[in-house]
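Participant: Got two chains here, separate frames each, mind docking them using the hints?
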Amino acid sequence: MAARVIVTTSGKGGVGKTTSTANIAAALAKFGKKVVAVDADVGLRNLDVIMGLENRVVYNFIDVIEKTCKMAQALVKDKRVPGLYLLPAAQTRTKDAVNPEQMIGLVEELKPEFDFVLLDCPAGIEGGFKNAAAGADEALVVTTPEIPAVRDADRIIGMLESMGKSPIRLIINRLRPNMVQDGDMLAKDDILDVLSIDLIGVVPEDESVIRSTNNGEPMTMTLDSPAAHAYLNIAERLLGHDVPLMDLESYATRGFFSKLKKFFTGKKK
Amino acid sequence: MDFFKKFFGGDKDSSGQVAKDRLRIVLMHDRTDITPQLLEDLRDEIIDVLTKYMEIDEKKIDISLDKDDQRAVALVANIPVIKIKRGKVDVN
Chain A
0 MAARVIVTTS
10 GKGGVGKTTS
20 TANIAAALAK
30 FGKKVVAVDA
40 DVGLRNLDVI
50 MGLENRVVYN
60 FIDVIEKTCK
70 MAQALVKDKR
80 VPGLYLLPAA
90 QTRTKDAVNP
100 EQMIGLVEEL
110 KPEFDFVLLD
120 CPAGIEGGFK
130 NAAAGADEAL
140 VVTTPEIPAV
150 RDADRIIGML
160 ESMGKSPIRL
170 IINRLRPNMV
180 QDGDMLAKDD
190 ILDVLSIDLI
200 GVVPEDESVI
210 RSTNNGEPMT
220 MTLDSPAAHA
230 YLNIAERLLG
240 HDVPLMDLES
250 YATRGFFSKL
260 KKFFTGKKK
Chain B
0 MDFFKKFFGG
10 DKDSSGQVAK
20 DRLRIVLMHD
30 RTDITPQLLE
40 DLRDEIIDVL
50 TKYMEIDEKK
60 IDISLDKDDQ
70 RAVALVANIP
80 VIKIKRGKVD
90 VN
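For the protein sequence lines, the chains are A and B, in the order given. Per numbering that gives the first Met the number 0: the first sequence = residues 0 to 268. Per numbering that gives the first Met the number 0: the second sequence = residues 0 to 91.
Incorrect hints may have been included.
[Said to hold, decoys possible] Below, in silico cross-link-like pairs of lysine-lysine (DSS-like), each with a Cα-Cα straight-line distance of 27 Å or less: (1) B:LYS58 <-> A:LYS11; (2) A:LYS33 <-> A:LYS78; (3) A:LYS187 <-> B:LYS19; (4) A:LYS66 <-> A:LYS33; (5) A:LYS187 <-> A:LYS66; (6) A:LYS69 <-> A:LYS11.
[Unchecked claim] Covered stretches of chain B, as calculated for chain A (at least 3 residues, CB under 8 Å): (7) 12 to 18; (8) 25 to 38.
Note that these hints are calculated values from the structure, not bench results. No residue lacks a Cβ here, since even glycine has one placed at the ideal position from N, Cα and C.
With the rest of the complex left out, here is chain B (with noise of 0.2 Å):
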């Protein structure tokens, strides 16, 4: 019976499970799919948010978007702090 089984193909995933499985990544990776001039306004507008709060080390930032093989996909930020801003916070 295994023989028969195997012949005929049924200890596989079916292809149609295996599509829909990379067929939900594949779109994941698509739909995250940022250019890198977004990255960069991305960037610039969290820097301006954060200098109101903190001293923070613009040279050494890092912002990705970090896509595993999974089905998740992160926002990566490393931004060195140099300073918290103490007292009024100052808001143009």
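Next up, chain A with everything else stripped away, as it sits in the complex (with noise of 0.2 Å):
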């Protein structure tokens, strides 16, 4: 086995890149493959908590790279689906305990051992961005449909390139397909025409988020939910498989008022 390594990404803070890290994990392992997530965000720790196994976390990475532990001692295993592990990043430390030579050396011990590692980068373009990227072949780009969100897609889309990462591919997050309707949301097809690379899903605005992160459980294990669903349509994607992006407008739901104002208004969309 040598895993196809991935580093899920945004420049931005707050759009998703761990809720999109972690239910691409579980929803991958759900179709069988075995894959670890890797919260690379050193001193900000939260795919732990995401993901539901904060208290299971003895080890995190920074103990493996200085050899305090095995690397077997570090990942935790999530019991409830086979086949899914998270590597922690240490949260008492600075994204300076690492370096990407390390951080590559890391990836490569777990190579072999998975068919997929996840690397979850944190937010902003320095030293944390580029330790997390150094280690992935692969990259996945989050962006919500606001205009902070896509131009720091596009300076991260940059730097992946000058990097030689591919594919690059898009998660837009947070979509309302309503505002969209009624042309008070920068739209699918707007924000490809300006990044200009390949769309693996968007994942529609769902409280369902909020709730499996209270729970502390992977929309993809259990829940059905728009955004369950997107984010399985994006682990299937990643496998190879063709499937059609959902019909988001079917997720619109329409009060009275909305109505009210498309009669007066006349707006078609």
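Facilitator: In structure tokens:
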């Protein structure tokens, strides 16, 4: 086995990198792959919490790099889905505690044991991003339909391209189909036009994300929700399956006011 | 009917369209953001090439990247020529 190594990144914070990493990792494991999600956000770790594994963290990957423990001791096995593992980040260290060469070494150690190594990258374009991206072959760029997020995604895509990552594919997160229909949100194609990279999935805004974070259970494990569906599709596309994009308009629930508004303004879309 | 249209904000550009236009301009500017060092290097190389063919007034050269509010970006160079070299081009 030689794992595919994929970094999840965005530039801007708070767009859903960690949520995406956790859900895609769980989905890939559900499809029978052996997956490790690596929290590359040293000092601000959160992947453990999103995956609901925070109580089982003993060692972290910096302990592995510094040879305080063996890799097998640092890996946290998720008991809910076979084949799913977490490699936590250190919470009490800073991003300077590692360098890109050490990250590459770490990934090389994981590669023979897994089908997928997913690296959850910190926000920003400095050391933390460079460390996380160094070990990866492919990249997933997460953005939301807002100018600041798309702008930062553009910057990150440029950096990933210059680092030779390929393919680099886009996840549009937290899209609100209602608002797009009303012309009050950047649409999928508006974003693709300016970023001109391949899209791997669109995840609709969904309250289930908050519930799943509260419960520490990635949506793709159990919940049947629009966002869970979208992440399962993304995982399938990563596996090379040709899955059509979800019909997000069917999720657009329209209230009385918006119907009234549509009637008076005559907006078709 | 017009009152209702105005009330519901139907006569404005949708904010999505505004975002799209602003995003395009922001990215255009970002992508052509050039460091002073790069511009300096560019200037030196342009001078190297030009001096093979003509004598130019290096002190009065003005090269800049012009970004207006529209989508276009132009490299604007003003290079005073003193005299064109004749005959053989000196290529080192």
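Participant: With reference to the structure, classify each hint as holding or not holding.
Facilitator: Hint check:
Using a Cα cut-off of 27 Å, the hinted pair LYS58 (chain B) and LYS11 (chain A) is violated, with the two alpha carbons roughly 43 Å apart. Taken as a hint, the LYS33 (chain A) and LYS78 (chain A) pair is honoured in the structure, with Cα atoms around 13 Å apart against an allowance of 27 Å. A C-alpha spacing of about 11 Å is found between LYS187 (chain A) and LYS19 (chain B), which places the hinted pair at or below 27 Å, so the restraint holds. Restraint check: the Cα-Cα separation between LYS66 (chain A) and LYS33 (chain A) comes to about 24 Å, which is no more than 27 Å; the hinted pair holds.
For the hint linking LYS187 (chain A) to LYS66 (chain A), the alpha-carbon distance of about 45 Å lies beyond 27 Å, and the restraint is violated. A hinted pair counts as satisfied when its Cα atoms are at most 27 Å apart, and LYS69 (chain A) with LYS11 (chain A) does not qualify at roughly 33 Å. Residues of the stretch 12 to 18 of chain B with a Cβ under 8 Å from some Cβ of chain A number 5, which satisfies the need for three, so the listed coverage holds. Here's how the stretch 25 to 38 of chain B fares: 4 of its residues keep a CB closer than 8 Å to some CB of chain A, so the rule of at least three is met and the hint holds.
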